[in-house]
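**Q** Sequence:
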Amino acid sequence: MTSKRLMKKTSYREWIMRCPRLGGEVSFSYCEREAGDLPCRQVVRCWESGFPVEKYLRETLMPEAWKRFCKQIPKDRMTTILAVALTVKEQRKK
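Per this note's numbering, the sequence shown starts with residue 670, numbered consecutively.
Simulated from the structure, these hints should not be mistaken for lab results.
Note that the structure is a prediction, hence the values are computed from the model and not measured.
For glycine and all other residues, C-beta sits at the position ideal for the given N, C-alpha and C.
Certain hints may be false.
[Unchecked claim] Now the in silico label distances, taken between C-beta atoms and shown as ranges: (1) I742 <-> G692: 22 to 30 Å; (2) P732 <-> K762: 31 to 39 Å; (3) M747 <-> P721: 31 to 39 Å; (4) T756 <-> R682: 26 to 34 Å; (5) L755 <-> K724: 29 to 37 Å; (6) R687 <-> P721: 18 to 26 Å; (7) K762 <-> C739: 30 to 38 Å; (8) F720 <-> D745: 28 to 36 Å; (9) R737 <-> R682: 14 to 22 Å; (10) E683 <-> M731: 16 to 24 Å.
From just these sequences and the hints, can you work out the full model?
**A** Structure representation (structure tokens):
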């Protein structure tokens, strides 16, 4: 299991941890919207030791968004790597 470093700030959205997919530190707010209008499909597994993330998402997501989140199908490894590379490239342009 990957060690997680959480730093409590004023809200869950500001908490920081090491992302096992990206290999660097990210805030919960990034994970909450990593898939556009949906959280990262691994957000519950990554953050559950820090706070009740599933309960939080159920309360903050619209019911149809929660259903789409629960139905997300994991992408194959190469698709994930390319998507992350594209995201990083777009962020560097900004």
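**Q** Name the hints, by number, that the structure is in violation of.
**A** Of the numbered hints, just 4 does not hold.
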